[in-house]
Each structure stands twice: as C-alpha cells, then as structure tokens.
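From first to last, the protein sequence lines stand for chains A and B.
When we follow the numbering used here, the leftmost residue of the first sequence carries the number 1, and every step to the right adds one.
When we follow the numbering used here, the leftmost residue of the second sequence carries the number 1, and every step to the right adds one.
If you are wondering where the hints come from, they were derived from the structure by calculation, not from laboratory data.
Where is the CB? At the ideal position from N, CA and C, for every residue including glycine.
Some hints could be false.
As the list claims (entries may be wrong) - Going by beta-carbon spacing under 8 Å, a handful of chain A positions derived as facing chain B: (1) Val19; (2) Gly40; (3) Pro61; (4) Ser95; (5) Glu103; (6) Gln104; (7) Phe106; (8) Pro108; (9) Gly109.
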Amino acid sequence: EAGVAQSPRYKIIEKRQSVAFWCNPISGHATLYWYQQILGQGPKLLIQFQNNGVVDDSQLPKDRFSAERLKGVDSTLKIQPAKLEDSAVYLCASSTPGLIYNEQFFGPGTRLTVL
Amino acid sequence: AQSVSQHNHHVILSEAASLELGCNYSYGGTVNLFWYVQYPGQHLQLLLKYFSGDPLVKGIKGFEAEFIKSKFSFNLRKPSVQWSDTAEYFCAVQESSSNTGKLIFGQGTTLQVKP
Numbered sequence: 001e002a003g004v005a006q007s008p009r010y011k012i013i014e015k016r017q018s019v020a021f022w023c024n025p026i027s028g029h030a031t032l033y034w035y036q037q038i039l040g041q042g043p044k045l046l047i048q049f050q051n052n053g054v055v056d057d058s059q060l061p062k063d064r065f066s067a068e069r070l071k072g073v074d075s076t077l078k079i080q081p082a083k084l085e086d087s088a089v090y091l092c093a094s095s096t097p098g099l100i101y102n103e104q105f106f107g108p109g110t111r112l113t114v115l
Numbered sequence: 001a002q003s004v005s006q007h008n009h010h011v012i013l014s015e016a017a018s019l020e021l022g023c024n025y026s027y028g029g030t031v032n033l034f035w036y037v038q039y040p041g042q043h044l045q046l047l048l049k050y051f052s053g054d055p056l057v058k059g060i061k062g063f064e065a066e067f068i069k070s071k072f073s074f075n076l077r078k079p080s081v082q083w084s085d086t087a088e089y090f091c092a093v094q095e096s097s098s099n100t101g102k103l104i105f106g107q108g109t110t111l112q113v114k115p
C-alpha cells in the first residue's frame with residue numbers, strides 16, 4: 001500500500017513570497033490533515049478535511065494560509081505571503097475512521113525555510 | 001484546552017540502558033493515547049497506541065507504554081535500547097468521543113543512543 005505522498009520535500013523562499021504544498025493521501029482515506037511542525041515542537045494541526053469538506057480549521061491563520069481538497073482526494077496548502085515564522089515542516093496525514101480509534105498515517109513532510 | 005507535556009527534551013543513553021520517557025496530558029474526558037517515532041530522515045510512524053483494556057500496551061521494536069489514568073500519564077519504556085532507537089519520540093492524545101480524530105502532540109523527546 002502506497003503511503004502519503006508530499007511534494008516538494010524542501011522549499012526555500014523569501015518573506016512575502018507565496019508557496020504551495022501538495023499532498024496525496026493513502027487511497028481510500030477520507031480524512032486528510034495538515035500539520036505544522038516548528039523546530040523543537042510537536043506537530044500542530046492546521047486544518048482537517050473530511051472528503052472535500054473542512055472539519056476543523058480553527059488553528060489555520062486564515063489571513064495568509066489557505067487549503068483546499070476540491071475532489072476529496074489530494075490537497076494543497078498555500079501560504080501567501082510567507083513570514084519568517086512560517087519556517088517549519090508541513091506534514092500531511094490521512095486516516096480512515098475506525099470503530100475504536102482513528103490512526104493517522106503521515107507523509108514525509110515539506111521543510112519550508114523562509115529567509 | 002487539551003495539552004500534552006513530555007518531560008524530557010533530550011535524552012542520551014548508552015546501548016543496553018533502560019529507557020523511560022514521560023508523557024502527561026490534561027483532559028478530563030476519555031482519550032486515546034499514542035506514541036509516534038521519527039527516525040532520522042524518515043516520516044512519523046506509529047510506535048504504539050492505547051484506546052481501552054489492558055493499560056500496559058506493547059508496540060513495535062520492544063517498546064511498551066503504561067496508561068495510568070489517575071496520573072494522566074502514558075510513559076514509554078524499553079528495557080534495553082539499541083543504537084537504532086536513536087530518534088525523536090512524540091506522545092499524542094486524541095479525544096475518544098471525537099469524530100474528528102484530531103491529535104494533540106507533545107513537544108517531543110530526542111533520544112540519542114551511544115554505541
């Protein structure tokens with residue numbers, strides 16, 4: 001079974017520029033998550049999709065971050081314009097609801113450096 | 001709000017030493033608990049999980065964790081570490097009653113095992 005795919009793996013931009021990340025979840029997984037992991041911290045949820053609908057975006061800085069999952073499969077996360085504090089690893093995860101618990105499978109992440 | 005605290009940021013051990021990584025969470029309801037591991041250059045992967053039943057759970061690679069409800073703790077243990085256990089370890093909490101599956105992560109513990 002193929003895992004969660006993300007691209008690019010690394011991205012370096014200057015502040016005020018725009019950047020987009022792509023994620024393709026495990027086939028059949030209805031739920032998709034984007035996490036932000038700042039160096040020295042644990043991942044923090046930015047947004048969660050169930051199929052193509054947003055379930056939770058309470059932690060997404062909506063003035064600069066946006067995300068979409070138009071067809072309920074792959075997803076893009078965009079930052080426009082980027083700030084220095086956006087430097088982090090952006091992780092995508094997917095899951096399929098289970099009866100008892102919800103196990104998430106993570107992609108390799110995209111490491112963003114904002115100069 | 002839920003939070004997860006990992007007691008140690010950086011642990012250095014020699015091979016064959018015993019390991020215990022602390023994890024405490026704050027949440028009044030029923031939770032599912034996870035330990036994730038991130039080996040150098042690899043993505044986050046599930047080490048073990050607890051959702052109900054025996055509070056002592058066993059995971060991959062000889063790891064185990066004990067859920068102590070009265071202490072809101074879920075400490076990770078391994079009797080004898082190997083150099084290959086060098087990695088970053090994250091404790092995470094998920095509300096059992098939630099249908100979103102949102103994970104709250106601790107800040108992580110970096111384990112360095114000296115050969």
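* When the nearest CB of chain B is found for glycine 109 of chain A, is that gap smaller than 8 Å? -> holds (7 Å)
* To do: Under 8 Å, Cβ to Cβ, is where valine 19 of chain A needs to be relative to chain B, so tell me if that hint holds or is violated.
  => For valine 19 of chain A, the interface hint is violated, since the closest Cβ of chain B sits about 20 Å away, which is over 8 Å.
* Using 8 Å as the Cβ threshold, decide whether glutamine 104 of chain A counts as touching chain B. => With a minimum Cβ separation of about 6 Å from chain B (threshold 8 Å), the hint on glutamine 104 of chain A holds.
* Do the numbers back the hint for glycine 40 of chain A, that is, is its least Cβ distance to chain B under 8 Å? -> holds (7 Å)
* Do the numbers back the hint for phenylalanine 106 of chain A, that is, is its least Cβ distance to chain B under 8 Å? -> Given a least distance of 4 Å, the restraint on phenylalanine 106 of chain A holds.
* Restraint outcome when proline 61 of chain A is required to lie within 8 Å of chain B by C-beta distance -> violated (17 Å)
* Closer than 8 Å between Cβ atoms is the bar; does proline 108 of chain A clear it against chain B? Give me holds or violated. => Constraint on proline 108 of chain A satisfied, holds at 5 Å.
* **Hint check, serine 95 of chain A versus chain B [nearest Cβ-Cβ separation less than 8 Å]** => Since the shortest Cβ distance to chain B is 6 Å, the answer is holds.
* Asked: When the nearest CB of chain B is found for glutamate 103 of chain A, is that gap smaller than 8 Å?
  -> holds (6 Å)
Hint violations for this structure: numbers 1, 3, all remaining hints satisfied.
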